[in-house]
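Each residue of the sequence shown is one higher than the one before, counting from 1361 in the working numbering.
Please keep in mind that the hints were generated in silico from the structure rather than gathered at the bench.
Remember, predicted model here, so these are calculated numbers, not experimental data.
No residue lacks a Cβ here, since even glycine has one placed at the ideal position from N, Cα and C.
Don't take each hint at face value.
Stated by the list, open to error - If you anchor each label on the Cβ, the simulated ranges turn out as follows: (1) E1390 with S1411: 16 to 22 Å; (2) V1410 with E1390: 25 to 31 Å; (3) T1380 with N1416: 14 to 20 Å; (4) H1394 with A1367: 24 to 30 Å.
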Amino acid sequence: MACGPQAPAMPLSMRKAGETVTVKRVRGDESLKHHLSNIGFVDGSEVHVVSASGSNIIVTVKGARFGLDAKVAQRVMTV
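Full structure from sequences and hints, please.
Encoded structure:
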């Protein structure tokens, strides 16, 4: 079953406040991937962007609110 063209994955750091996106993959070393997966950033999880500024992004994932540094948010690829 073809679902049509899919938008390319975009880093979480580029998302705007109010958007709800799905985690496609997490890039980085095993330590970072493990930490992010422990707090809910796993393939297929839904992330809502509460606030986004140049250096930080605040999101809710699995009912919890987290603040991420923009460098970390760049590693979370979303669709």
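Assessment of proposed distance window 25 to 31 Å (beta carbons of V1410, E1390):
holds (28 Å)
Is it true that T1380 and N1416 lie within 14 to 20 Å of each other by Cβ?
holds (19 Å)
Using the beta carbons of E1390 and S1411, state whether their distance is inside 16 to 22 Å or not.
Violated - the Cβ-Cβ distance for E1390 and S1411, about 29 Å, lies outside 16 to 22 Å.
Within 24 to 30 Å or not, the Cβ separation of H1394 and A1367?
holds (28 Å)
Of the numbered hints stated above, the single one contradicted by the structure is hint 1.
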